[in-house]
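Novice: Chain residues, written in single-letter form:
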Amino acid sequence: MTTTLLVTGAGGVGKTTVAAAIAIRAARNGLRTLVVTVDPARRLATALGVTNLGNEPQPHHDEPNLWAAMLDASASWRAVAVRHADPEVATRLADNEFFQAASEHFPASQAYAAADQAATFVQAKAWDLVVVDTPPSGGGIDFFTAPAQMADLVGGRLLRWITGGPLPGRRLLFNAAGRPVLRMAGTILGSDLLERVAEFLLDLRSTYDGVSQRGREIERVLRSASILVVTTSDPAPVWEAIKFYRELPKLATTPAAVVFNRILPESWATAEVPKGAKPVLANNLMRWSTETIRQRDTRDEFSARYGARVATIPWSASPPNDLDGLAGILDDSTGMPWASFGIE
Amino acid sequence: MLDKRLLIVSGKGGVGKSAVTAGLALLAQRRGQRVLAMEMGSPGGLSAHFGTGALEFQPREVRPGLHAMQMVRSDALLEYLSIQLNIKGVYGFGPFARAFDALATTAPGIREIITIGKAIWEVKEDRWDIVIADAPPTGQIGSYVRAPLTIAELVPGGKVRAQADMMRDMLADEETTEMVLVTIPEELPTTETLETLEWLESEKVVATPKLIANRILEELRDRTTPPGPLGEAAQLHRALWSEQQEWLERLPPEYKLPYLFGVFTPGEVAARMCDEFEAMT
Numbered sequence: 001m002t003t004t005l006l007v008t009g010a011g012g013v014g015k016t017t018v019a020a021a022i023a024i025r026a027a028r029n030g031l032r033t034l035v036v037t038v039d040p041a042r043r044l045a046t047a048l049g050v051t052n053l054g055n056e057p058q059p060h061h062d063e064p065n066l067w068a069a070m071l072d073a074s075a076s077w078r079a080v081a082v083r084h085a086d087p088e089v090a091t092r093l094a095d096n097e098f099f100q101a102a103s104e105h106f107p108a109s110q111a112y113a114a115a116d117q118a119a120t121f122v123q124a125k126a127w128d129l130v131v132v133d134t135p136p137s138g139g140g141i142d143f144f145t146a147p148a149q150m151a152d153l154v155g156g157r158l159l160r161w162i163t164g165g166p167l168p169g170r171r172l173l174f175n176a177a178g179r180p181v182l183r184m185a186g187t188i189l190g191s192d193l194l195e196r197v198a199e200f201l202l203d204l205r206s207t208y209d210g211v212s213q214r215g216r217e218i219e220r221v222l223r224s225a226s227i228l229v230v231t232t233s234d235p236a237p238v239w240e241a242i243k244f245y246r247e248l249p250k251l252a253t254t255p256a257a258v259v260f261n262r263i264l265p266e267s268w269a270t271a272e273v274p275k276g277a278k279p280v281l282a283n284n285l286m287r288w289s290t291e292t293i294r295q296r297d298t299r300d301e302f303s304a305r306y307g308a309r310v311a312t313i314p315w316s317a318s319p320p321n322d323l324d325g326l327a328g329i330l331d332d333s334t335g336m337p338w339a340s341f342g343i344e
Numbered sequence: 001m002l003d004k005r006l007l008i009v010s011g012k013g014g015v016g017k018s019a020v021t022a023g024l025a026l027l028a029q030r031r032g033q034r035v036l037a038m039e040m041g042s043p044g045g046l047s048a049h050f051g052t053g054a055l056e057f058q059p060r061e062v063r064p065g066l067h068a069m070q071m072v073r074s075d076a077l078l079e080y081l082s083i084q085l086n087i088k089g090v091y092g093f094g095p096f097a098r099a100f101d102a103l104a105t106t107a108p109g110i111r112e113i114i115t116i117g118k119a120i121w122e123v124k125e126d127r128w129d130i131v132i133a134d135a136p137p138t139g140q141i142g143s144y145v146r147a148p149l150t151i152a153e154l155v156p157g158g159k160v161r162a163q164a165d166m167m168r169d170m171l172a173d174e175e176t177t178e179m180v181l182v183t184i185p186e187e188l189p190t191t192e193t194l195e196t197l198e199w200l201e202s203e204k205v206v207a208t209p210k211l212i213a214n215r216i217l218e219e220l221r222d223r224t225t226p227p228g229p230l231g232e233a234a235q236l237h238r239a240l241w242s243e244q245q246e247w248l249e250r251l252p253p254e255y256k257l258p259y260l261f262g263v264f265t266p267g268e269v270a271a272r273m274c275d276e277f278e279a280m281t
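Sequence order for the protein chains is A and B. For the first sequence, position 129 matches number 129 in this note's numbering, and the numbering has no gaps at all. For the second sequence, position 178 matches number 178 in this note's numbering, and the numbering has no gaps at all.
Only chain A is shown next, with the shape it has when bound in the complex (with noise of 0.2 Å):
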C-alpha cells in the first residue's frame, strides 16, 4: 500500500526542504519513496537529482529508494484538454488565447494540476510512500477544493453566467449576445469577444465528464493521505496555518503535526549573560533570547488554540545542499509524527 504525504503551508517557510528532508529518511529506512515537488531552490533541485522540470520521477542517482519529480503545472493543465477532450477539440482548446487566461486566473489550477499529478504517483502503487510538496496558494487549503473548483468551472459555471440559464447548445450562443447586459459587455469590449470566451468555455465543458471522473479519484486520494503544516514563528505564515486548522478543508484528515521551521535553542529563552561578556555579544544574546521566546509563545499558544500536535525542526544557518545535509536537518527535530507515514 502507499502512504501520502502532503506537505502543506505558506510560502517561503521551508516546505520544499522538509518534504525532501522527510522523504530522504524514509528512503533511508528502507521505504520506496518518491518526493513530488513543485518550483523547488536550484540546489535544492541539484541535491535530489532532479534538473529538469517534467512530471516523469527519476531515481536518485546515489540514493537506492528515492525518486524525485518536479511539476510542471502549466503542462499539466494542457493534459486535462488531452486526456478528456476529442483530438479536435484538444487541438483547438491548446491554441486559445483565453486558455492561458483561465490556467492563469483559476486560483484552483495550478493546485488542480498538482494534485491530479500526486494522485496518478499514487495510483501507481510503485512506492512505499509518496511525500507531496503542495503548492502554496492559500495556505494549501487550494489544493484540497481544487478538484471540485475545477470540476465546476469546466461544468459550464461560467458558461451559465454569460448565457445567463440553462446550458446552452451552441446555438444558445447568440442569445447570449443578445442579453442586454452582455450587448453592453460587446460595446465596451468589442463584439466578437463574448462569442470567443463563450465558444472556448464551450470547449471546454466538453471535457467536464473525464475532469469530474477524475476529480473523484483525487478527491480519494487526498481523503486517504497524512497532512503536515509547515510554519515558521513569524505571523502571515502561522496566520496560514492557523487558517488551514480552522478551515480544515473537507477532504483533508486532521493534520499529523504544524511543524514550526527555523526553532532556536529553548534554552536560549532564560539563557543569562555570563559575568565579564562582551557588550556585543550579551547584546546578540539578548536579542535572540526574546526571539526564542517569542518563538516558544507562538508554538505554546497554537497547540492550546488548535489542539495541535507540534514539531518542532532547528534552525540551520546555512541550507543544506546536498543528501546529507537535507536529512540532517531532522536529526535534532521534536515531535515529528514518524509512525503516520510509516517510518520507524
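By construction, these hints were calculated from the structure, which means they are not laboratory data. Cβ atoms here follow ideal geometry from the backbone N, Cα and C, with glycine treated the same way.
Residues on chain B that point at chain A, a partial pick, calculated with CB under 10 Å:
1) Thr106
2) Val155
3) Glu232
Following the hints, position chain B against chain A.
Specialist: Here is chain B on its own, set in the frame of chain A:
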C-alpha cells in the same frame, strides 16, 4: 518614494510585503499626507497591520488622515461603468456581476485592468496625496502592470481603449508612479525578484522599481565564540549574516529593513517599519 502619487508594492509571498505597505502608509500619514492604503489581493494581510478589522471597498479612516480599503472587483467594476463610462442603471447587479466575472476569469487583462484601474482612478480623483497599494505578489504582478497594454491589444478603439492608454501613460510616468519590490536575502526571493526585474526591464511598463530588502541582520563585530548560549547565538548570527551577504551582493537593495527581534503582532511590525523608514529617509 513618498513624493509619488501611486506606490505599487510587490514581492514574493512571505517577504513582508503587507508590512512594508503598512509601514510606508503610516509614515506618509505621520508626515501629514492624505493617504489611501489599498489591499489589492486577498483580504487579511494589510488589515492585520492596521489592527482595525476587515477592510471594505469603501475607504475607512484607520488613522487620522490615513484611509484603507479592500479591492473588491465587482464593486470596482460597477464604479468604473457608472462613473468612468457613464453607464447608469446596470441591469440587475447579480447576473451582471457574475457574467462579467466569467469574462474576467477567461479573457486576459480584464480582471487586472479593473484592479489597477481603481488605483489609478483614486490617484486622478485628487482626494489623496498618495495611494499605496499592497499589490499581488511578484508571480502575478506582471499581468497587472501590463494590463493596460493587454487591453489595448484586445480592444481596437473607443472609450475603453482611450482609458487603457491613459492608464498606461500614468503607470509609465515616473513622476507619478513608483513600483517597490520587497525581498529578503534568501535564494528563492532573490531569484524571483531578479526574474521580475528582468521582465519589467523588457516590457518597460513602469520605471525601474525601488528594492527594499527586509529582515537584514547587522554584522556582529566580534569574532570570538565563548561557551554556552553566548557563543551559540554569536555563531548562528554570524552564519546567517554571511549567508545574507551572498544574496545582498547579487541583488543590492536601495533600502534595508532590519530583522525585528521578538516582535509579536502585525501592528507592532508595521509601527516598527514606519520608524525605520522615517530614520532612513
